[in-house]
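J.: Please put together the full structure from these sequences, using the hints given.
Protein chains in written order, with the numbering used here: chain D, 1 to 112; chain E, 1 to 116.
Just to be clear, a hint being listed does not mean it is correct.
Stated by the list, open to error - Covered stretches of chain D, as calculated for chain E (at least 3 residues, CB under 8 Å):
#1 43-52
#2 84-94
#3 99-108
Claimed, not checked - Pairs of lysine-lysine residues, derived as BS3-like cross-links and limited to a Cα-Cα distance of at most 25 Å, are as follows:
#4 E/LYS96 <-> E/LYS70
#5 D/LYS57 <-> E/LYS16
#6 D/LYS11 <-> D/LYS57
#7 E/LYS111 <-> E/LYS16
#8 E/LYS111 <-> E/LYS3
#9 D/LYS57 <-> E/LYS115
#10 E/LYS16 <-> E/LYS96
#11 E/LYS96 <-> D/LYS57
Said to hold, decoys possible - Rough simulated footprint, nothing fancy, chain D against chain E, three-plus residues with beta-carbon under 8 Å:
#12 36-47
#13 104-110
Bear in mind the hints are in silico, worked out from the structure with no lab data behind them.
The beta carbon of each residue, even a glycine, is placed where N, CA and C say it ideally should be.
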Amino acid sequence: DTGVSQNPRHKITKRGQNVTFRCDPISEHNRLYWYRQTLGQGPEFLTYFQNEAQLEKSRLLSDRFSAERPKGSFSTLEIQRTEQGDSAMYLCASSFDTETQYFGPGTRLLVL
Amino acid sequence: AQKITQTQPGMFVQEKEAVTLDCTYDTSDQSYGLFWYKQPSSGEMIFLIYQGSYDEQNATEGRYSLNFQKARKSANLVISASQLGDSAMYFCAMRKYGGSQGNLIFGKGTKLSVKP
Numbered sequence: 001d002t003g004v005s006q007n008p009r010h011k012i013t014k015r016g017q018n019v020t021f022r023c024d025p026i027s028e029h030n031r032l033y034w035y036r037q038t039l040g041q042g043p044e045f046l047t048y049f050q051n052e053a054q055l056e057k058s059r060l061l062s063d064r065f066s067a068e069r070p071k072g073s074f075s076t077l078e079i080q081r082t083e084q085g086d087s088a089m090y091l092c093a094s095s096f097d098t099e100t101q102y103f104g105p106g107t108r109l110l111v112l
Numbered sequence: 001a002q003k004i005t006q007t008q009p010g011m012f013v014q015e016k017e018a019v020t021l022d023c024t025y026d027t028s029d030q031s032y033g034l035f036w037y038k039q040p041s042s043g044e045m046i047f048l049i050y051q052g053s054y055d056e057q058n059a060t061e062g063r064y065s066l067n068f069q070k071a072r073k074s075a076n077l078v079i080s081a082s083q084l085g086d087s088a089m090y091f092c093a094m095r096k097y098g099g100s101q102g103n104l105i106f107g108k109g110t111k112l113s114v115k116p
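T.: Below is the structure:
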């Protein structure tokens with residue numbers, strides 16, 4: 001049984017560096033979502049794709065953030081010029097249309 | 001704007017007892033869905049149960065049931081016969097249907113600790 005997978009699971013970087021995370025959704029799911037979760041909070045929506053189209057972006061997604069899903073399968077989330085405030089858990093989820101979203105294990109980012 | 005409120009930062013329950021985790025929501029939409037997720041310390045969000053706004057019966061999934069009171073805008077999670085493995089953060093979430101909006105809106109969560 002292959003659920004949603006995310007890589008890497010942990011990332012430590014220095015302020016100002018670029019980082020990229022990958023998410024592989026459940027294979028038959030056409031929607032893919034990115035969320036960010038900081039300590040003591042629930043996840044907050046960043047962006048989502050239906051197939052390869054990016055349909056919605058939160059205002060949380062600053063110009064330093066970019067997400068892609070080039071072939072409608074896996075997705076990448078890149079953060080350029082990281083800041084300490086970017087330290088968080090980045091969660092990916094997938095669904096078939098508007099059905100239940102299933103989450104991956106997340107990528108924990110620490111910016112020093 | 002949609003909002004989820006979970007007023008219990010932490011809850012304790014004795015093993016094998018039942019526990020209710022509170023969730024209230026605010027929306028002007030007629031069609032929406034309510035979800036509960038469990039997040040162990042490992043970080044993964046695990047889907048537990050779903051309730052649609054038009055569902056007349058409360059949802060149940062094994063030891064989990066959702067006490068849905070639409071007029072009061074509440075969607076409390078009931079866990080029966082608590083187990084040690086139930087110790088985790090629990091998040092209530094909502095999404096609306098229709099239009100292009102696809103995201104879930106989460107509450108701040110409740111930390112459940114099950115005592116042996």
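J.: Look at each hint and say if it fits the structure.
T.: Evaluated hints:
1. 43-52: holds (count 5)
2. 84-94: Check passed, 3 qualifying residues.
3. 99-108: It holds: at least three residues are needed, and the stretch 99-108 of chain D offers 8 whose Cβ sits within less than 8 Å of chain E.
4. E/LYS96 <-> E/LYS70: holds, 15 Å
5. D/LYS57 <-> E/LYS16: With a Cα-Cα distance of about 43 Å, the restraint between D/LYS57 and E/LYS16 is violated, given a limit of 25 Å.
6. D/LYS11 <-> D/LYS57: Distance ~24 Å between D/LYS11 and D/LYS57 Cα, so the pair holds.
7. E/LYS111 <-> E/LYS16: holds, 17 Å
8. E/LYS111 <-> E/LYS3: holds, 19 Å
9. D/LYS57 <-> E/LYS115: Violated, at about 42 Å.
10. E/LYS16 <-> E/LYS96: violated, 35 Å
11. E/LYS96 <-> D/LYS57: Holds. E/LYS96 to D/LYS57 sits at ~16 Å (cutoff 25 Å).
12. 36-47: With 7 residues closer than 8 Å to chain D, the stretch 36-47 of chain E meets the three-residue bar; holds.
13. 104-110: Held - the stretch 104-110 of chain E has 6 residues with a Cβ nearer than 8 Å to chain D, which meets the minimum of three.
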